[in-house]
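J.: Each chain, written out:
There are 2 protein chains.
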Amino acid sequence: MSENYHPLSEAEAIEHAKKLSALFSPAADLVCREIGDGNLNLVFHIQDRTTGQGVILKQALPYAKIVGESWPLTLDRARIESEALQLQGRLCREHAPQVYTYVPELALTVMEDLSDHEIMRKALMRRDKFPLFAGHIARFLANTLFFTSDLGLNQQEKKLRVKQFINPELCKITEDLIFDHPYTDAETNNFEPAIRNAVEQIWKDMPLQLEVALLRERFLTHAQALLHGDLHTGSIFVTETSTKVIDPEFAFYGPMGFDIGAVFANLLLNYAAQEGWSRNDQDRRDYREYLLQTVTQIWERFAAEFADLWDRHLVDRMASTPGYRDNYMQRLLQDTVGFTGAKMIRRVIGLAHAADLDKIEDPLAREKAQRMTLAIGRSLILRHRKVESVNEIVSIVKQVSGDENQS
Amino acid sequence: MSENYHPLSEAEAIEHAKKLSALFSPAADLVCREIGDGNLNLVFHIQDRTTGQGVILKQALPYAKIVGESWPLTLDRARIESEALQLQGRLCREHAPQVYTYVPELALTVMEDLSDHEIMRKALMRRDKFPLFAGHIARFLANTLFFTSDLGLNQQEKKLRVKQFINPELCKITEDLIFDHPYTDAETNNFEPAIRNAVEQIWKDMPLQLEVALLRERFLTHAQALLHGDLHTGSIFVTETSTKVIDPEFAFYGPMGFDIGAVFANLLLNYAAQEGWSRNDQDRRDYREYLLQTVTQIWERFAAEFADLWDRHLVDRMASTPGYRDNYMQRLLQDTVGFTGAKMIRRVIGLAHAADLDKIEDPLAREKAQRMTLAIGRSLILRHRKVESVNEIVSIVKQVSGDENQS
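Here the protein sequences line up with chains A and B, keeping their order.
So the first sequence is residues 1 to 407, counted in UniProt numbering.
So the second sequence is residues 1 to 407, counted in UniProt numbering.
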């Protein structure tokens with residue numbers, strides 16, 4: 001940690017914002033609010049009272065707090081986050097916040113104010129629909145993944161990127177909390193007593209755990225593209241017409257399917273959570289149909305955009321061999337399905353939950369939604385190596401949730 | 001490049017050797033011989049005339065010369081080589097030369113004198129047998145690969161090793177010369193006019209090239225373990241009782257099967273080369289049988305030693321899931337078979353050949369051996385994703401070489 005590092009006060013945050021003379025006049029009357037959740041970072045929203053113009057200052061804290069626990073965490077994650085944001089911005093300007101500057105000694109990123117946007121998870125809990133979202137996120141995924149992989153980036157430059165984004169501490173959180181602890185009676189686990197029998201079933205399910213071990217290996221070894229690394233619906237800002245992906249502090253070189261699966265998992269656990277959020281059966285059917293259509297559309301648009309990039313920007317001669325692209329896309333879909341399942345299960349058993357499920361007030365509806373999330377996750381993981389079409393995700397979800405509904 | 005870097009003279013090499021007072025007395029009467037091939041490195045053998053005690057000084061040159069071409073090459077490869085040697089030595093003392101010191105500004109490694117050993121390729125061309133070799137190389141492979149992978153090394157420390165051994169320039173040589181150029185009419189290619197029709201067949205063989213594209217992807221993305229990266233029989237020093245693996249300047253994190261396949265490929269191209277080296281059919285049959293037995297034994301001993309390390313030193317809880325190890329070993333064998341084939345084909349079509357084949361004087365025998373090498377390599381690559389047992393390598397080789405003999 002730099003000697004100059006210290007958590008900023010609101011007054012200091014205003015001073016740093018003013019140095020950005022391009023945004024604010026020297027005499028600007030600025031107001032500052034700290035809007036972070038205080039677990040990992042300070043987030044200052046600074047606004048010019050006269051013009052309304054704003055800016056975000058995000059500063060990493062040297063520790064993490066999750067559910068009351070606290071452990072030290074490298075400030076290098078702020079460098080990784082700001083460098084990932086800048087790279088994602090170059091590759092997909094529309095869907096990444098703009099970074100104005102990064103101050104290494106303060107682990108401080110100064111970036112675009114997105115306070116006209118809303119966190120997607122909250123909107124999904126209200127059953128809002130975003131007809132443009134599938135196309136937006138597909139474009140973000142296709143461009144950031146293709147152009148950081150050996151397909152779209154010179155293979156030697158890619159190796160330097162791998163080095164730049166080596167991220168052991170943040171990867172360890174994922175390795176533990178997604179690919180290990182939920183499958184054993186680990187201290188970090190956090191689940192409701194009502195579903196203990198379903199959780200214990202998973203702890204004993206060795207065919208499931210074999211598939212999870214294979215997914216864990218993919219996460220540990222497959223340096224395919226620069227991932228966002230934590231692309232749940234809490235890392236996505238939306239309006240009706242705009243989608244912005246934020247918070248890539250878990251960025252590292254890993255399997256592409258992990259990012260796509262993160263989006264799918266969070267749509268599908270919201271699907272399960274509609275047990276609690278829909279006011280009636282019709283609402284629930286309708287919104288679930290929307291969520292499944294969104295999953296299908298994301299894959300289809302991602303695949304189309306990725307294929308288009310492949311046609312126009314492929315830098316690897318051997319990858320143009322007939323049959324290779326189909327083989328590549330099928331394996332990518334299979335990875336995606338497996339990671340989708342793993343990301344669903346961890347949100348019910350593991351340390352960090354999702355508000356979609358946890359904020360359901362009716363305990364019976366909450367239990368039903370959690371059990372459904374586990375069952376869908378389990379089926380996706382068990383089937384992932386044989387999947388050939390995105391429609392299989394839809395049929396697995398419908399089949400498993402239907403079974404649950406009848407029980 | 002450091003300002004102090006310059007290629008050493010023999011007198012300077014002696015001065016550096018003397019600084020190692022532990023090896024030589026200040027008054028020692030030292031003699032120096034430069035024994036490198038001058039393509040990539042200077043190699044000084046320095047010996048005490050009185051005691052016979054010796055030492056090797058290996059200095060990287062800032063360029064590479066292969067078949068007359070010259071291109072600049074980073075001196076960082078000397079750091080990578082010395083760090084890989086030291087790590088391999090810690091993991092498998094018996095089979096790696098000892099490094100005494102490394103001088104960064106001169107890209108100079110001072111290491112154990114192995115001049116009582118011989119380059120294995122030369123011995124194979126004389127049909128010498130090394131009954132201990134299979135066990136030795138299996139031990140080297142098992143220990144260096146297991147303990148640098150996520151199986152035997154803490155997953156966070158492993159990521160720092162990945163970073164330490166990012167090796168873009170040397171990897172590019174492999175990516176071009178093994179996984180691209182042999183499959184197209186590339187300028188770097190170098191093959192004899194007599195086999196042009198077989199080479200053109202490979203250039204048109206799209207099912208083969210699909211498998212090569214998949215192997216190339218494994219090489220580019222699968223950060224499984226720290227590889228030697230160039231483990232042909234010219235990188236192995238042998239005596240009847242000792243095996244030492246040298247020259248790991250291509251070291252990087254890649255797929256384990258690439259190292260194992262390099263050993264297999266060089267044994268199998270010697271198999272093909274016995275067309276020229278065996279004095280009669282009986283000799284040829286006998287030595288070929290020895291080579292195939294060696295391949296089988298290496299795999300069996302490697303698998304046994306790897307399984308033993310897995311039992312005793314596994315650091316990843318999820319990898320102990322029932323069924324995972326069998327799945328892992330089968331995929332490792334499949335990778336090995338594919339890389340074996342790729343490393344055979346490049347030695348016939350690509351830039352850098354093997355003396356086993358090229359030094360055969362009789363042009364008909366040489367042509368036959370080269371065609372056989374291509375045919376075996378092709379069959380191994382085409383079959384690699386379905387292989388279940390090492391015996392299939394033996395049957396593929398026997399079948400393909402038998403076909404060749406009849407033609």
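I should point out that these hints are in silico values taken from the structure, not numbers from a laboratory.
Ideal placement from N, C-alpha and C gives every residue a C-beta, glycine not left out.
Mixed in with the good hints there might be a few duds.
What the hints assert, rightly or not - With a straight-line Cα cutoff of 27 angstroms, these simulated DSS-like cross-link-like pairs (lysine-lysine) come out: (1) K172/A to K163/B; (2) K122/B to K386/B; (3) K163/A to K163/B; (4) K359/B to K386/A; (5) K172/B to K163/A.
Claimed, not checked - What follows is a list of derived Cβ distance ranges for each label pair: (6) K163/B to E105/A: 34 to 44 angstroms; (7) N4/A to Q156/B: 20 to 30 angstroms; (8) M1/B to K129/A: 55 to 65 angstroms.
J.: Evaluate each hint against the coordinates.
T.: Right, here's what the structure says about each hint:
Restraint check for K172/A and K163/B: the C-alpha separation of about 16 angstroms stays at or below 27 angstroms, so the hint holds. Restraint check: the Cα-Cα separation between K122/B and K386/B comes to about 34 angstroms, which exceeds 27 angstroms; the hinted pair is violated. Taking the CA atoms of K163/A and K163/B, the gap is near 5 angstroms; set against the 27 angstroms cutoff, the hint holds. Taken as a hint, the K359/B and K386/A pair is broken in the structure, with Cα atoms around 49 angstroms apart against an allowance of 27 angstroms.
Straight-line distance between C-alpha atoms of K172/B and K163/A comes to about 16 angstroms, which keeps the hinted pair within the 27 angstroms bound. In this structure the supplied range 34 to 44 angstroms is violated for K163/B paired with E105/A, their Cβ-Cβ distance being about 23 angstroms. Between N4/A and Q156/B, the C-beta spacing of about 27 angstroms keeps the proposed range 20 to 30 angstroms intact. Restraint check, M1/B to K129/A: a C-beta distance of roughly 60 angstroms satisfies the suggested window 55 to 65 angstroms.
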